[in-house]
Amino acid sequence: MSNLYKAFQSLLPEAPLLVGTVVSVQSNGYLIELPDGAQINARGTANIGQNVFVRDNVIEGIAPNLVVETIEI
1 MSNLYKAFQS LLPEAPLLVG TVVSVQSNGY LIELPDGAQI NARGTANIGQ NVFVRDNVIE
61 GIAPNLVVET IEI
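Okay, so the sequence shown: first residue is 1 according to the numbering used here, each after it adds one.
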């Protein structure tokens with residue numbers, strides 16, 4: 001018999017990996033601005049002005065400084 005919980009988990013989508021710029025340091029982490037202008041709070045380690053990868057409100061690492069263009073559909 002298969003594990004029903006694991007089968008259920010496989011149906012749920014994973015959290016997306018986002019890229020954003022650190023705008024400020026907050027008491028509970030960092031304020032990250034996404035390319036579309038949205039802002040999220042994340043915990044981790046980064047410097048103001050750095051581009052970072054964020055998943056589930058956790059900074060996963062430093063992102064390269066590339067030009068990001070948002071295309072609206």
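For the record, the hints were derived by calculation from the structure and aren't laboratory data. In this text the structure is predicted, and so the values were computed from the model without any measurement. We treat Cβ as the ideally placed atom computed from N, Cα and C, and that holds for glycine. Just to be clear, a hint being listed does not mean it is correct.
Now the in silico label distances, taken between C-beta atoms and shown as ranges [claimed, not checked]:
1) Leu17 / Ile71: 25 to 33 Å
2) Ala15 / Ile48: 21 to 29 Å
3) Tyr5 / Ile48: 23 to 31 Å
4) Ile71 / Ile40: 18 to 26 Å
5) Asp56 / Lys6: 33 to 41 Å
6) Asn3 / Gly37: 14 to 22 Å
7) Leu11 / Asn41: 27 to 35 Å
8) Ser10 / Arg55: 27 to 35 Å
9) Ile73 / Tyr5: 16 to 24 Å
10) Ser10 / Glu72: 27 to 35 Å
11) Pro13 / Asp36: 14 to 22 Å
12) Ala38 / Asn65: 32 to 40 Å
13) Gly49 / Tyr5: 15 to 23 Å
14) Ser2 / Pro35: 38 to 46 Å
These are the hints, each one checked on the structure:
1. Leu17 / Ile71: 25 to 33 Å: With Cβ atoms ~18 Å apart, the hint is violated.
2. Ala15 / Ile48: 21 to 29 Å: holds (24 Å)
3. Tyr5 / Ile48: 23 to 31 Å: violated (41 Å)
4. Ile71 / Ile40: 18 to 26 Å: holds (21 Å)
5. Asp56 / Lys6: 33 to 41 Å: violated (19 Å)
6. Asn3 / Gly37: 14 to 22 Å: Given about 42 Å between the Cβ atoms, the range is violated.
7. Leu11 / Asn41: 27 to 35 Å: At 28 Å between Cβs, range holds.
8. Ser10 / Arg55: 27 to 35 Å: For Ser10 and Arg55 the Cβ distance comes to about 18 Å; the hint is violated.
9. Ile73 / Tyr5: 16 to 24 Å: The hinted range 16 to 24 Å is violated for Ile73 and Tyr5, with Cβ atoms some 36 Å apart.
10. Ser10 / Glu72: 27 to 35 Å: holds (32 Å)
11. Pro13 / Asp36: 14 to 22 Å: holds (19 Å)
12. Ala38 / Asn65: 32 to 40 Å: violated (20 Å)
13. Gly49 / Tyr5: 15 to 23 Å: Once the Cβ atoms are compared, 42 Å apart, the range 15 to 23 Å for Tyr5 and Gly49 is violated.
14. Ser2 / Pro35: 38 to 46 Å: holds (40 Å)
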